[in-house]
Amino acid sequence: MNLKKWILSGIFAFILYLVFLSITDAGFTANFIAYICLFVIAGQGWNLLGGYIGEISFGHAVFFGIGAYTVGLPVGYGLDINLLLLVFCGAIVAGLFALIISYPLLRVQGFPFLVGTYGLGIVVKSIVVVSPALFATRGIFLKSYDKEILYPLIVAITIAVIIFVKWLVEQDIGLKFKAVRDVPVAARMIGINIYKTKATALVISAVLTGLAGGLFALYGSFVNPSACFGENTSIFILLGPYIGGIGTVLGSLFGSTIVIILQELARSLIKVNGGHYMLMGLLLITVMMVSKEGIYPGLVKLMGKVKKAGAKRE
Amino acid sequence: MAPILEVKDLKKSFGGLEVFSGINISIEENQIYGIIGTNGAGKTTLFNIICGVLRPDCGSVLYKGVDITAKETHQIAAMGIGRCFQTVMPFKSMTPYENARVARAAAGKLNQDRQKFSLEEIMEITNLQDKMNIRTQELSLPDKKNVEIARALACNPEVILFDEVSCGLSGEEIYSRMELMRNLAKLGITVVVVEHIMLFIKEICDQVSVLHSGKVICSGTPKEVAEDEGVIEAYLGGKSNENFRS
Chain B
1 MNLKKWILSG
11 IFAFILYLVF
21 LSITDAGFTA
31 NFIAYICLFV
41 IAGQGWNLLG
51 GYIGEISFGH
61 AVFFGIGAYT
71 VGLPVGYGLD
81 INLLLLVFCG
91 AIVAGLFALI
101 ISYPLLRVQG
111 FPFLVGTYGL
121 GIVVKSIVVV
131 SPALFATRGI
141 FLKSYDKEIL
151 YPLIVAITIA
161 VIIFVKWLVE
171 QDIGLKFKAV
181 RDVPVAARMI
191 GINIYKTKAT
201 ALVISAVLTG
211 LAGGLFALYG
221 SFVNPSACFG
231 ENTSIFILLG
241 PYIGGIGTVL
251 GSLFGSTIVI
261 ILQELARSLI
271 KVNGGHYMLM
281 GLLLITVMMV
291 SKEGIYPGLV
301 KLMGKVKKAG
311 AKRE
Chain U
1001 MAPILEVKDL
1011 KKSFGGLEVF
1021 SGINISIEEN
1031 QIYGIIGTNG
1041 AGKTTLFNII
1051 CGVLRPDCGS
1061 VLYKGVDITA
1071 KETHQIAAMG
1081 IGRCFQTVMP
1091 FKSMTPYENA
1101 RVARAAAGKL
1111 NQDRQKFSLE
1121 EIMEITNLQD
1131 KMNIRTQELS
1141 LPDKKNVEIA
1151 RALACNPEVI
1161 LFDEVSCGLS
1171 GEEIYSRMEL
1181 MRNLAKLGIT
1191 VVVVEHIMLF
1201 IKEICDQVSV
1211 LHSGKVICSG
1221 TPKEVAEDEG
1231 VIEAYLGGKS
1241 NENFRS
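So the protein lines, in turn, are chains B and U. Residues 1 to 314 in the working numbering are what the first sequence lists, from first letter to last. Residues 1001 to 1246 in the working numbering are what the second sequence lists, from first letter to last.
So that you can see chain U by itself, here it is in the shape it has in the complex (with noise of 0.2 angstroms):
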C-alpha cells in the first residue's frame, strides 16, 4: 500500500542545534503511528514541519505523494490533515459546535467529497452532544481536548497528528482517548501520535518510530521497538529494559 504521509531526508536546525540530520518516516493510510522519543527529540517540531508552521532545512513531506514542504498551513489543512496540540487550544469564546462549524467553513467546503461525519455526529463522536452550546471556556480539560478533536473532524481530514492528547488527563480519559482512536481508524482516517506513555503507544499503535538525537534510530511494530536495543539504549541507557517493556 502507498504511504498516505511521508517525511523524506528531512533535516532542520535551530541555531547550532541540530533537531534532526536527515529523518525518513513512512506511514500507511488507516494506520494508527506512534511517534516516541525523549524531551526535545523533536516529535513537536516534527508535527509543525508537517503542518506547515516551521519549514524544514532540506528534505521534504508527501502526502498522498504530493510534496507539501512549501505550502502554508491552511492548504495543508485544507487538503486533509488535521492537528490537535498538546497544549489544548480551542476558540474559547465559542461554542463546541462552533468550534467544529467554522474548522468546516474553514477548511471543509474544499474537501465535501471526503466528508465522513455531520457536525452533530462529530459531536456524539466526541462526547460533546450535551456540552454543544455551551462556551468552551467553561469546560472541562478533557472536554476541551474533545473539541479540538471535533474541530480536526470537522475539517473531514484524512490524517490526524494528535500531540501529546494524553497530557493532564486520568487514567480513566486517556483509555477513552485510545478508544476513540481506535475507532477514527476504523472510520478511514489515519491516526499520528506522540506520546510519552508507552502503554498508550503499545496498545493502539499499529507501527512506532522512535526519535533520538536527530535520528529515527528505530521503526516498527510496538513490540519491535520495545525490544530494541538501540531504543533500550536510547531511554534506560542499557541498564534493564524491564521498565520499558511494562
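For reference, chain B alone in the conformation it holds in the complex (with noise of 0.2 angstroms):
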C-alpha cells in the first residue's frame, strides 16, 4: 500500500469514527477507544526502535512518564499554560531526554541494550518517588480536559502518527534503520553512521512515546509514577508491537489493539488481583509458539500460503 492510500484510509477511518460518535451514545466505547490509540502511539514510538532498527527496550514508561509529567507539573505548580501546548512539549522533552541518554545507552546493543533500558526505568521510577517537587507517590490532578474534543484529538493524533511512522520507515532514514537491524557491519561498510542512526531512531522514538504520555495525562485527568513510570507501562507499550509483528506498522497497530482489549477483557473476567496478567501470559506464549514473528506476519505469511495453494488448485 502507498502512502496516498494510507493518507486516506486514515481520514477514511477518522470520519467512520465522527460518524460513529455521532450516531451513538458511545461514551465507555470512545474512552476505550482513546485508551487503546494511547498505547498505539506508544507502541509505534517503541517500533521504531525496537522494531526497525532491533534493540528491545524494556523502559519506554521513562519517556512516557515524561510526556505525562511534561502536562502534570505545571498543573501542580499552578501554572496557568495550556494543556495542548504542554502534550507537545512533553514530547519534545521526552526527545531531549532519549538524546542525552543515547550516549552512554547506545554504547552497547543486544541483552545489555534491554538491561541498560530496564534499569534506567527502575533509576527514573526511584527518583520521582522519592522527590516531593515531583510530588512523590501522591501523583497530580490536572482539571478534566473536555472528553469530546480530546478523544476525537487522541484518534487523530493517532492516525497521523500511524501515517507519519509508515512514511518514516520508507525514506532514506527508515532504510537506514533496516539495515543497521539487518547487517551492522554492512551498514558501517556503505557509510551509515551506526551511532547517528540508532541514536535519531531512539529520539524519534521518545518523541512519539512523550506524545502518548502527555495525551494520557490529558486523558486521565491524573498523573503519578506507577502508572506512568512503572515497569507495567513499558511491558504493555512493548507487548503490542511485540505480539502484533516488530518491524511492521500494521503489525504493532493490531497488536496494542489486541494487547488493551485482552488486558480489558481479562480484567472484566478475571477477578482476582493482577489475574489478568495469566491470560496475557498466554497470549504471549501462543502467539510466539504459532507464529514467533507475530500476528501480522504470520496473517500475511498464511494468505500467502493460501494464495498460492488457490493457484495450483486452478
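Think of the hints as simulated: they come from the structure by calculation, not from any bench. In this text, all values refer to a predicted model and were calculated from it rather than measured experimentally. Just so you know, not all the hints are guaranteed correct.
What the hints assert, rightly or not - Below, a list of computed lysine to aspartate or glutamate pairs in the DMTMM-like style, where the Cα atoms sit at most 20 angstroms apart:
{"hint": "1", "chain 1": "B", "residue 1": "K308", "chain 2": "U", "residue 2": "E1120"}
{"hint": "2", "chain 1": "U", "residue 1": "K1092", "chain 2": "B", "residue 2": "D80"}
{"hint": "3", "chain 1": "B", "residue 1": "K301", "chain 2": "U", "residue 2": "E1138"}
As the list claims (entries may be wrong) - Some chain U residues judged to face chain B by a derived CB distance under 8 angstroms, without partners named:
{"hint": "4", "residue": "A1077"}
{"hint": "5", "residue": "A1107"}
{"hint": "6", "residue": "E1120"}
Yeah, the Cβ is synthetic: ideal placement off N, Cα and C, and Gly gets one too.
Two chains, two frames, some hints: make the complex.
This is the structure:
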C-alpha cells in the first residue's frame, strides 16, 4: 500500500469514527478507543527502535512518564499553561532526554541494551517516587479536559502518527534503520554511522512515546509514578508491537489494539487482583509458538500460502 | 601513475599470532588487483584493516595519498572504498533496489561528483532489473551476491574490495562475475580481489600479491607470480608447480 492510500485510509477511518460518535451514545467505547490509541501511539514509537533498529527497550515508560509529567508538573505548581501545548512540549522533552541518554545507552546493543533500558526505568521511577518536588507518590490531579474534543483529538493524532511512521520507514532514514538492524557491519561499510542512526531512532521513538504520555495525562486527568513510569507501562508498550509483529506498522497497530482489548477483557473476566496478567502471559506464549514473528506477519504468510494453494488448484 | 590505494609497513597480531609483519602493497588506479594466499594468510584481515573494521598495530593505509588508517568504517566508505563480503550479507528485509538506495543515501550523497551510474543503471549492470522489487531474502545466492555488488556500486566507489566473490558459485556464475569485474575496471573502478581460485586470478588480474606467513612474498603480473619459486614453495612445498600453473 503506498502512502496516498494510507492517508486516504486514515481520513476514512477518522470520518468513520466521527460518524460512530455522532450516531451512538458511545461514552464507554469512545473512552476505550482513546485508551487503545494511547498505546498504539506509544507502540509505534517503541516499534521504531525495537522493530526497525532491532534494539529491544524495556524502559519506554520513562519517555511515557516524561511526557505525562511535563503536562502534570506545571499544573501541580499552579501554572496556567495550555494543556495541549504542554502535551507537545512533553514529546519534545522526552526526545531531548532520549538524546542525552543515547550516548551511554547506545554504546551497547542487544541484551545489555535491554538491561540498560530496564535499569533506566527503575532509576527514573525511583527518583520520581522519592522527590517531593515531583509530588512523589501522591501524583498530580489535572482539571478534566473536554472529552468531546479530547477523544477525537487522540484518534486524529494516532492516525497521524501511524501515517508518519509509515512515511518515515519508507524514507532513506527508515532504510538506514533496517540496514543497521539487518547487518550492522555491512551498514557501516556503506557509510552509515551506526550510533547516529540508532540515536535518531531512539529520539523519534521517545518523542512519540512522550506524546502518548502527555495525552495519557489529559485522558486520565491524573499522573502518578506507577501509572506513568511503572514497569507495567513499559511492558504494555512493548507487548503490542511484539505480539502484532515487530518491524511492521500494521502489526504494531493490531498488536497494541489486541493487547489492550485483551487486558480489559481479562480484567472483567478474572476478578482476582492481577489475574489478567495470566491471560496476557498465555497470549504471549501462544503467539510465540504459533508465529514467532507476531500475528500480522503470521497472517501475511498464511494468506500467501492460501493464495499459492488456490493458484495450484486452478 | 600514483597509487590509489597503498598499504605501508602494516603489522598486525592477534594475541601471539602475527598476521602481518610489515607488508607493503601498492594498487594503481583502474587496475584489477589480486591478493592470494593460503588459508589464514590474512587476506580478509587486510580488507578489514583497509575498511577500518580492524586497526593495525603499526603501519598505514593510504587512499589517494590520504592516511585513512584511523578513520571510521563509514567515513572510509564515504571516501570511496566499497566492499563485497565472502559470506554474503545483503540487507535481507529490503529489495535489491532498496539495498542500493540506502547505500546511495548513506555514502553516495557525499560523493555526488563521483556518481557514475543511476540506481536503475546499477540494477542493469548487476542483472537485477527483473528482481529489483523482490525481497532480497527470497533471492538465490548469485543474486544476493549481485545485490552486494549493486550496494557497493551505489556508494559511488572508486575502489571495490571483493572478498572471495566466487565462493559458492557455479562455473558459469564465476565467469559472469569475472566479466562484471572487467566491466567495472573499464568503467574506471579499481577492483581488488581476494580469491582462492587461481584461474580467476590469472584470467582477470593485472597485478597480484601473494601473502604468506605474514609477508608479501611476491608481487607482479599473474604470470610472474605463477613462476615465482617462493610462491610455488609456499603453495605446493616445492614439489611441483604444474597444478599451480594450470
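Each hint tested on the structure:
no., hint, verdict
1, B:K308 - U:E1120, "violated (30 angstroms)"
2, U:K1092 - B:D80, "violated (52 angstroms)"
3, B:K301 - U:E1138, "holds (13 angstroms)"
4, A1077, "holds (4 angstroms)"
5, A1107, "holds (3 angstroms)"
6, E1120, "violated (17 angstroms)"
Consistency note: the structure conflicts with the earlier hints numbered 1, 2 and 6.
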